[in-house]
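First to last, the protein sequences are chains A and B.
Here the first sequence stands for residues 16 to 623, numbered as in the working numbering.
Here the second sequence stands for residues 16 to 623, numbered as in the working numbering.
Quick caveat, the hints were computed from the structure, so don't treat them as lab data.
Same chains, same label: a pair holds when it works inside one copy or across any pair of copies.
Straight line, CA to CA, 35 Å or less: simulated DSBU-like cross-link-like pairs of lysine-lysine:
1. Lys345 x Lys588
2. Lys345 x Lys561
3. Lys537 x Lys347
4. Lys535 x Lys30
2 protein chains.
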Amino acid sequence: MVSSIKRFIIGRPLKSAELGEQKLNKTKALAILSSDALSSVAYGPEQILIVLVTVGTAAFWYSIPIAFGVLLLLSTLILSYRQIIFAYPHGGGAYVVSKSNLGINAGLVAGGSLLVDYILTVAVSVSAGTDAITAAFPALHDVNVEIAVLFVILITILNLRGVTESASVLAYPVYLFVLALFLLIGTGIFKIATGSASPGVHAGIGTPAAGVSLFILLRAFASGSSALTGVEAISNAIPNFKDPAPSNAAKTLLLMGTLLAVLLSGIVFLAYYFGISPRAEVTVVSQIAEETFGRNVLYFFTQGTTALILILAANTGYSAFPLLAVNLAKDKFIPRMFLVRGDRLGYSNGIITLGAASIALIIAFHAETEHLIPLYAVGVFVPFTLSQTGMMVKWLREKPKGWIPKFLINTVGAFTSMVVTVIFFLTKLPQVWPILVFLPVIIYLFHRIRKHYDAVGEQLRIATCERAVPIEGNVIIVPVAGITHVVENSLNYAKSLGPSQLMAVYIAFEREDEHKFEEKWKKWQPDVRLVTLHSHYRSIINPLAKFIDIVEHKASESNYRVTVVIPQFIPKKGWENILHNQSSLLIRTFLLYRKNVVVSTVPYHLKK
Amino acid sequence: MVSSIKRFIIGRPLKSAELGEQKLNKTKALAILSSDALSSVAYGPEQILIVLVTVGTAAFWYSIPIAFGVLLLLSTLILSYRQIIFAYPHGGGAYVVSKSNLGINAGLVAGGSLLVDYILTVAVSVSAGTDAITAAFPALHDVNVEIAVLFVILITILNLRGVTESASVLAYPVYLFVLALFLLIGTGIFKIATGSASPGVHAGIGTPAAGVSLFILLRAFASGSSALTGVEAISNAIPNFKDPAPSNAAKTLLLMGTLLAVLLSGIVFLAYYFGISPRAEVTVVSQIAEETFGRNVLYFFTQGTTALILILAANTGYSAFPLLAVNLAKDKFIPRMFLVRGDRLGYSNGIITLGAASIALIIAFHAETEHLIPLYAVGVFVPFTLSQTGMMVKWLREKPKGWIPKFLINTVGAFTSMVVTVIFFLTKLPQVWPILVFLPVIIYLFHRIRKHYDAVGEQLRIATCERAVPIEGNVIIVPVAGITHVVENSLNYAKSLGPSQLMAVYIAFEREDEHKFEEKWKKWQPDVRLVTLHSHYRSIINPLAKFIDIVEHKASESNYRVTVVIPQFIPKKGWENILHNQSSLLIRTFLLYRKNVVVSTVPYHLKK
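Generate coordinates for the entire structure from the input sequences, incorporating the hints supplied.
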């Protein structure tokens, strides 16, 4: 039944050979991998204005040069990641690039930040999208957290079904959002050009504004850079592309960068022209849409697609997290289970872990985004900085033909990312300090896990000629609880294992019971030696364990192995197990993990 | 570590031989078994007045005759249970009495009601006690549920430590409460006799009051009978008494009945004399104490001990529930685990089940008692009625010397209990209907469980001469995942089991991998046959299960048994298990419950 529910939710299992069919073409890849980056224009420009408004509306014109700065940063990031795609065609993004050029710890810092960052991506974008919905339907405000959790579950299921299917579903909202913003920007500029839109109050570019300092401008720039979260997703996901993967990925990246640049500049320009001030209740995009369209159907279309893309931005996390986890697991820094492909060929353990972790974050933070966003942005810019520094090192080391412009691009990118990171730490320490605690902890864990896997691997590896000493024979112990068919069945089995010494062990709680049982046994199984142990404390495991220790000690001297044969009857229906003390399960688990004995369970299946 | 925490909380384990030392003398038994009954005087008289106040204060004098009615009911209950103690010296109370005289279903109705009733006892009395505390410290009101849960946990731990120890701790509050009420009643009556207390407004006994109907009086009587909950506890707990258990129990019962009668009459009389009206914020006992003592230290002493005994009334449930569960488990109506004595010789499974169930109730009802009390009272009077009817049948059937007065006592008791039960159903159906749903369900479950145990017993029983056919030999299957020491270890073991056919099974996910592995294997273990299975869907269990089916079918034809030998390496530290896919655990569980094969696990303990 569980299995048929699973089939219904995630679909029939796919054969490994069907993997190729699950790859993405460019159109679908753009939809699935760029929703995070593109959705950032819904809040990036606003972040700039929120900083500038602390000085005054006269400073709003600075948003234009700051936007240029952000666009420049975007260009260096896009160009740099394009270089990364070709240099590392098997994907892995910041983790792989940092690891191979800057060493393992830099790689782990990048990988650790990104792992957490993808969880934050999901939590933040779903919460933001839910806010947009509950803003429209205030009655739902009390169940904010529940709605957000429901969305995460839905997106998790979509991703468990597989990337192709989720791409089909997710492509529409992304393209509709792009369409809506193009309509908005196009209409706005057309109206301005034809003079049919009245400009808002805005200071001319270059007007001096009192109180503007370099610090404020840098802070506005850093805030605006939050619009760039998500641009690294494509370089992580190259293995998901159809062949030729790297060139398809590079084209998709350029297309995404162009779209992002156009949308970003358009929004910043219109906001400036209409003199829009950030307000708590109404977003900047919403204000622009109202100025441009009025409150008509196009306004609601813009708002609706914005809400939708914010929720779907979570999907970028679902594409990137499992692939990053695969890279870390291949290098043995996280558990091996992240390497396993599920029924639908996705890395289901990664998908489920991501879903569960982001649900935990949403519940812990009551789906309130404001405390998570700075952490989220730092988590992006740390790996940005590391990967571009890594590329610098690569060019310097390899010096291929025409490396100097490439090196310069990465240098500019690395420097700017680092500045943004530093500004975040300087201006938002109360929100971003957890990353300083978290990163050392996770890197310690990564190393700890690696050390364990290395130790295990070494102990399991077969050394060339050395062979284990063959076993001379077996000592077989059958714990018995009564004179029943189950015990008979187990004794029959034990007798068939030769060469061996067989003994039955009975654990008595009461003295009188002991003698009675011994006599009955003699009549029933005169050829099987019975050992009776008395348990003062009504425990079965302790006397049995002590007895096994003694037997094992003697057996190992003559190269005999000890086998404990456990009789177990299996009820016909699963629920009936709760009606029976699970002594055999307890004994089995205890012996297996604590003692060096073979544990054999002889099932006796009941027929009714 | 888990073990030493357990030692710290519940104490060192006790030998079975120490059971005698855990028995109760009369003083401790009175404290431990009567807190429920005695604490009822804190709310019983109030329940009567709450009904009468609906007619008017002129009707308050009816509380005197009603109290006489309740005292009469109390006397018949005490006398009847005294008769039960001697008739059934091994305890069991209503369940045993009803079962042996009225048949199994009557017994199960009584037993089922009482099981739930003890859970309600704990939930109701702890919640009521918590209310008394948070009424004194209103700041704690928001954490009501948490406090109540904490008390339940504390009482559960006390009971896990064992009855003697909990008796020592619990004896003081009970005796202090009795002392406080004696002081209160004594001072009150002394002041009235010496004329130093001014009487409140109260109508003389016999004054006609408009609107008083038989229905109202019966309802007030039923409400007042809630003061009698808990009187059956002693008859259930006879096995906990020191020898001679029945006569000690009977003496304790009489003492408890006398105390209860004195306290009840005193409180009812003082309430009537001072003309006290029930109020939502202040309890009747608190009003009496204020009239009698004024707001001095004695007043607070009375209030404090009342709060304490309400919480400790829960302990009655802890004495009675596990013993009732033992009786039901002996008759195979509930799981066998309730028969097992824990480390401290208490029936720990019963204690823990009771604690967990009442915590669930407290959380579900937000520690609000008003919805639980009617259910609780019905749950008591149903078994009262059944057990007394059972005694009637017993006297009629056996007719021992001087049976007629005994029969009359039980007849009066049975009739009155039944009337109280009927009144509860008539006047409080909206609160007590769940019991009408619950009882049929639990009785169905009881029978279902019994049927299962009977079926199992029959299948396990060794028929006189019939012997199982001996096993000719074994087919041994070793699933292998690679060429490692773990596999080598398992193969070595498998080779030592003769006579047998041995094969290794490798499950390949990739075609190329398959051939490579086969070649390596030929070099490594040329004498062990390797079967390679291809898994299209990346599942290990499905191909293995299909293969085992084929092998098992062939083996059973020639009386061979199939053994699956599973290689498993055991990491040195427990936490490290999460780093390894638990394939062997999954395979083991699946094969054991689904297939008729012996499952042997060969552990390979890692050294670092």
